[in-house]
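**Q** Can you make the complete structure from the sequences, with help from the hints?
Residues per chain are reported as follows:
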Amino acid sequence: AQTVTQSQPEMSVQEAETVTLSCTYDTSESDYYLFWYKQPPSRQMILVIRQEAYKQQNATENRFSVNFQKAAKSFSLKISDSQLGDAAMYFCAYRRGRSSNSGYALNFGKGTSLLVTP
Amino acid sequence: NAGVTQTPKFRVLKTGQSMTLLCAQDMNHEYMYWYRQDPGMGLRLIHYSVGEGTTAKGEVPDGYNVSRLKKQNFLLGLESAAPSQTSVYFCASSLYGRGQNNEQFFGPGTRLTVL
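In the order they appear, the protein sequences are chains F and V.
My numbering runs 279 ahead of the 1-based position in the first sequence.
My numbering runs 464 ahead of the 1-based position in the second sequence.
Any given hint could be a false lead.
In the DSS-like style, the derived pairs of lysine-lysine whose C-alpha atoms are separated by at most 25 Å in a straight line are [as the list claims (entries may be wrong)]: (1) 534/V x 389/F; (2) 349/F x 334/F; (3) 389/F x 473/V; (4) 352/F x 389/F; (5) 473/V x 534/V; (6) 334/F x 352/F.
To be clear, the hints were calculated from the coordinates, so they are not data collected in a lab.
Small disclaimer: the values here were computed from a predicted structure and weren't measured.
**A** In C-alpha cells:
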C-alpha cells in the first residue's frame with residue numbers, strides 16, 4: 280500500500296512571505312499522480328495543484344508551485360506571497376495511475392495546518 | 465450545476481441507531497467514493513463505486529454498507545451506529561478512474577456524532 284507522510288503538523292508564515300510544505304510518499308509504482316488539497320474551516324476540499332509522475336516539469340498554479348523529486352519521492356508545495364485566505368489545512372495525496380483494490384481512490388497524508396499572520 | 469451535494473450536513477445519533485447518508489452528483493460521473501476524516505488524520509476510503517450497480521470495499525469498510533442504484537446517487541448506510549463512527553464523511557466523484565484529467569470533486573461533508 281502507498282503511504283503519504285506530511286512531517287509538519289503545523290506551519291506559520293507571515294503575510295506576503297513564502298512557505299514550503301513538505302510531503303513524502305512511498306510507492307513501487309511508476310505511473311501515479313500527486314495532489315495538494317486545501318481544506319479551509321468550511322471543510323470543503325479544494326484541489327490546489329496536481330502533478331503527473333511522468334512529467335519532469337514541476338506544476339505551477341499562480342502563487343502555488345511544487346517541487347517534485349521523483350527519485351527522492353518528495354512532493355513539496357510552495358506558496359508565494361502568502362495571503363490571509365491561504366490559512367487552512369493542506370493535504371498531500373497520492374493516486375495510482377492504474378486501478379487497484381481501492382479503485383482510483385486518493386491516499387492522503389495527515390495534513391499540515393497553515394497559519395498566516397498579518 | 466450543483467456539483468456534489470451531501471445530505472444531511474450534520475447529524476447526531478445514539479449508539480445502535482441507523483441512518484443513511486446521501487451523496488448526489490449532477491456531472492454524470494462514473495466513479496464515486498466515500499471517505500471519512502478523523503481528527504489528526506487525512507481522509508480514508510470507506511467504499512467506492514465504479515459505476516451504477518457496482519460497489520467495492522475500501523480501507524475502512526467495517527460497519528458501513530453502500531448502494532449505487534442510480535448513477536447520480538451513492539448512499540452510505542450505518543446499520544447500528546457506534547461512537548467509533550463519529551467522524552466527518554466526504555463523498556467524491558470523478559468522471560472516470562484513470563487518466564490525467566480525472567479530478568475528484570468533493571462534497572461539503574457530513575459531520576456525524578454518535579453518542
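**Q** Take the hints in turn and mark each one as holding or not.
**A** Status of the hints after comparison with the structure:
no., hint, in the structure
1, 534/V x 389/F, "33 Å, violated"
2, 349/F x 334/F, "10 Å, holds"
3, 389/F x 473/V, "23 Å, holds"
4, 352/F x 389/F, "17 Å, holds"
5, 473/V x 534/V, "21 Å, holds"
6, 334/F x 352/F, "14 Å, holds"
Violated hints amount to a single one, hint 1; each of the other numbered hints is respected by the structure.
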